Each structure stands twice: as structure tokens, then as C-alpha cells.
Amino acid sequence: MSTVKVNTAVYSATHVATNMLRGLKQIIAGCGLDASKLAEHWSVLEAGVSTWVGSGHLRELILEVWSNTSPNKLIGRFDFTIDYSYYSDGEGELWLDPEAVAWAIKKSGSYPSSCDYRIVADTTPGAPPVEGWSDTALRSTTGLRRHSIGTAIGGGSIGAGLSYWK
Amino acid sequence: MTIVARRLASVPRRTSVETWRRLVDLISVEGSPARAELLKITSVASMLIAEEYTRTAPVTILGGGPLVRIYTIHGEDAIDHDLGDEADLAFNPTSGNSWLLSVPAGGTDIAIARAAVAAAPHVEIRDVAGADQPTPVPKMSRPPDLVLDLEELGRP
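From first to last, the protein sequence lines stand for chains A and B.
In short: position in the first sequence from 1, add 561, done, that's my numbering.
In short: position in the second sequence from 1, add 197, done, that's my numbering.
Derived by calculation from the structure, the hints in this document are not laboratory data.
This structure is a prediction, so every number in the text was calculated from the model and none was measured.
Mixed in with the good hints, there may be bad ones.
[Stated by the list, open to error] SDA-like mimics (lysine to any residue), calculated; alpha carbons at most 25 Å apart, straight line: (1) A:Lys-598 / B:Arg-218; (2) A:Lys-598 / B:Ile-307; (3) B:Lys-237 / A:Pro-690; (4) B:Lys-237 / A:Asp-595; (5) B:Lys-237 / A:Ala-608; (6) A:Lys-668 / A:Arg-706; (7) A:Lys-598 / B:Arg-311; (8) A:Lys-598 / A:Ser-669; (9) B:Lys-237 / A:Glu-692; (10) B:Lys-237 / A:Ala-590; (11) B:Lys-237 / B:Ala-315; (12) A:Lys-598 / B:Ala-317; (13) A:Lys-598 / B:Gly-303; (14) A:Lys-598 / B:Thr-239; (15) A:Lys-667 / B:Ala-308; (16) B:Lys-237 / A:Arg-583; (17) A:Lys-668 / B:Gly-304; (18) A:Lys-598 / B:Glu-234; (19) A:Lys-667 / A:Gly-591; (20) A:Lys-667 / B:Thr-305; (21) A:Lys-598 / B:Ala-315; (22) A:Lys-598 / A:Arg-620; (23) B:Lys-237 / A:His-602; (24) B:Lys-237 / A:Val-691; (25) A:Lys-727 / A:Thr-702; (26) A:Lys-667 / A:Glu-625; (27) A:Lys-598 / B:Ala-312.
Start from the sequences, fold in the hints, and give me the full structure.
Okay, structure coming up:
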């Protein structure tokens with residue numbers, strides 16, 4: 562685990578946003594899914610996630626996984642959940658725990674190559690619009706159970722906890 | 198060969214996309230075909246910057262002039278970095294058509310990135326592990342020698 566002392570909110574927001582996307586990319590590749598789609602849309606994803614972490618509107622960044630044979634039925638899901646008061650003094654070091662992501666991959670297992678995925682940002686009302694993002698509804702988690710890994714990313718006042726659904 | 202190096206502040210000082218755009222500003226002229234080609238690969242190039250391959254292995258630009266090496270700086274070093282050190286280049290390394298930009302990548306990112314830049318003829322993805330070296334750009338044919346005609350200078 563690497564740590565960096567920082568007290569600037571914008572830097573911590575960028576750090577958390579970037580590393581949540583890196584974490585999702587690691588999960589996508591680690592679970593046997595094709596990360597090409599993520600690479601293709603990195604600019605749009607980063608614009609949205611960094612904007613909404615910076616504005617304090619992002620509640621969760623979610624990776625939904627489904628089988629192409631049943632597109633409406635969720636077979637897996639990963640959540641980064643933001644806590645904007647994780648550090649009460651707002652001066653938490655920038656850190657990242659790659660082992661947390663690796664553990665989530667190990668526990669969830671891999672998916673068949675016929676599976677697809679998408680990334681959904683759950684935001685609070687008033688989130689500024691970002692080009693390339695559109696409204697949607699999350700797939701039902703019926704039949705899946707949520708498992709918390711713990712906080713995986715931190716910085717400034719922000720912490721991002723990681724959970725997986727199986 | 199002359200080598201020119203720059204180090205650009207990246208995450209968390211800039212987002213990965215902002216870092217790539219700064220790099221493109223540095224090495225290309227606004228409105229040029231080179232800039233258009235480089236901006237088309239912003240997503241995948243930014244993803245590779247976010248993965249910090251360019252922290253230790255530079256993006257290289259090889260063309261008619263000096264070899265340009267651009268590294269990115271991350272974490273605390275990026276926060277402390279003096280942006281005044283990111284001076285513009287004294288030349289345009291992407292002028293003409295015989296330049297090549299090489300971006301490092303590793304693991305499964307290599308195949309993903311190579312597919313993503315397939316339509317960019319002046320861009321290659323190389324293995325950060327060092328198995329690949331930037332591809333030398335074929336030398337342009339040498340222009341004819343210029344000879345100063347002293348007799349002509351003496352004519353009225």
C-alpha cells in the first residue's frame with residue numbers, strides 16, 4: 562500500500578476517481594471480461610466520475626455483469642461506495658489498496674466470455690450533467706448477496722469502500 | 198542523436214485525460230493532422246497514463262528532429278511539480294508525415310491498446326517490459342546539397 566500526504570480536496574477527488582476506474586478495470590480483466598470497452602470509453606468515464614466525486618454527488622460507482630443470453634438478469638456486481646467524511650479532518654493521505662480489489666476478484670470468481678458489463682454512477686440529486694452519460698435504472702439484485710471487502714481507496718476527506726455481489 | 202525530455206504532472210494534479218491533452222499540446226500544432234490523430238486516441242492513451250506506465254517508461258516521439266521523451270509524474274511528486282518546468286518545445290516533433298509516437302503498456306493492456314490505436318498510423322504501443330524498442334522512423338531522403346555560387350553574389 563502506498564500513501565501520500567495531501568490536504569487539497571481536488572487532488573483527493575482526482576486520486577479517488579482515477580483509482581476507482583483502475584480498480585474496475587482490474588476487476589473486469591481479472592474476472593475474464595473484455596476491458597476493450599472500458600478503454601474505448603475511458604475519457605467519458607473519467608469526466609463523469611471525477612466531476613461527481615469533486616462535487617460530492619457520487620454515491621456509488623457500480624459495475625454490473627450479466628450474461629448475453631439473459632441481459633436483464635444480473636449475475637455479478639461490484640460497488641465502490643463513497644464516504645465523503647471518511648477522514649474528519651479532511652487531510653487523509655492518498656492511498657490505494659490493490660489487495661482489496663484482488664480479493665474481490667478472487668472471491669467473486671470469473672465469468673464466461675459470453676458475459677457483458679456496464680458501469681453505472683449512482684448520484685444524488687443536483688449532480689451536474691456530463692456529456693456521454695445518460696439516465697438509467699440499475700438491474701435487480703434479487704438472488705444475489707452483498708459482501709463487503711472494506712475501504713480500498715482513500716484521500717483528503719474521502720474513502721471508497723468496495724463490495725461485491727454474488 | 199539529440200534527446201529532449203519533459204516531465205508532465207499527472208494524477209492527482211491532473212486527470213489522466215488532462216495529462217494526455219497537455220502532452221498533445223506540447224508536441225503538435227493546433228489544427229494539424231497530427232493533433233487530430235492524437236486526440237482520437239485520447240481514451241486509450243489516458244487509460245495507459247492512469248496505469249502509470251509512463252512514470253518510468255516515456256512516451257517517445259521520433260521524427261525528423263531530436264528524439265522527444267515525455268514522462269508523467271504521479272502522486273506527491275505531481276502535487277509538488279513546478280508546472281513551469283513543462284516548457285514548450287522549440288520545434289514541432291510531429292511536423293510532416295514521418296513521425297512516430299510510441300506509448301508504453303504492459304500485460305493485457307498491450308493487446309487492448311494496440312487494437313485501439315490501429316487506425317492511428319503514427320502511433321505504436323510497445324511493451325513496457327522492454328521487449329520492444331520504439332520503431333525507428335525510416336529516414337527521409339536527403340535533400341540535395343546547396344552550393345553557394347560566389348560568382349552570382351558578385352553580379353550586380
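Structure-based check of each hint:
| no. | hint | verdict |
| --- | --- | --- |
| 1 | A:Lys-598 / B:Arg-218 | 21 Å, holds |
| 2 | A:Lys-598 / B:Ile-307 | 14 Å, holds |
| 3 | B:Lys-237 / A:Pro-690 | 23 Å, holds |
| 4 | B:Lys-237 / A:Asp-595 | 21 Å, holds |
| 5 | B:Lys-237 / A:Ala-608 | 16 Å, holds |
| 6 | A:Lys-668 / A:Arg-706 | 13 Å, holds |
| 7 | A:Lys-598 / B:Arg-311 | 14 Å, holds |
| 8 | A:Lys-598 / A:Ser-669 | 21 Å, holds |
| 9 | B:Lys-237 / A:Glu-692 | 17 Å, holds |
| 10 | B:Lys-237 / A:Ala-590 | 24 Å, holds |
| 11 | B:Lys-237 / B:Ala-315 | 11 Å, holds |
| 12 | A:Lys-598 / B:Ala-317 | 18 Å, holds |
| 13 | A:Lys-598 / B:Gly-303 | 18 Å, holds |
| 14 | A:Lys-598 / B:Thr-239 | 14 Å, holds |
| 15 | A:Lys-667 / B:Ala-308 | 23 Å, holds |
| 16 | B:Lys-237 / A:Arg-583 | 21 Å, holds |
| 17 | A:Lys-668 / B:Gly-304 | 22 Å, holds |
| 18 | A:Lys-598 / B:Glu-234 | 20 Å, holds |
| 19 | A:Lys-667 / A:Gly-591 | 8 Å, holds |
| 20 | A:Lys-667 / B:Thr-305 | 18 Å, holds |
| 21 | A:Lys-598 / B:Ala-315 | 15 Å, holds |
| 22 | A:Lys-598 / A:Arg-620 | 23 Å, holds |
| 23 | B:Lys-237 / A:His-602 | 12 Å, holds |
| 24 | B:Lys-237 / A:Val-691 | 19 Å, holds |
| 25 | A:Lys-727 / A:Thr-702 | 9 Å, holds |
| 26 | A:Lys-667 / A:Glu-625 | 17 Å, holds |
| 27 | A:Lys-598 / B:Ala-312 | 11 Å, holds |
The structure shown violates none of the earlier numbered hints.
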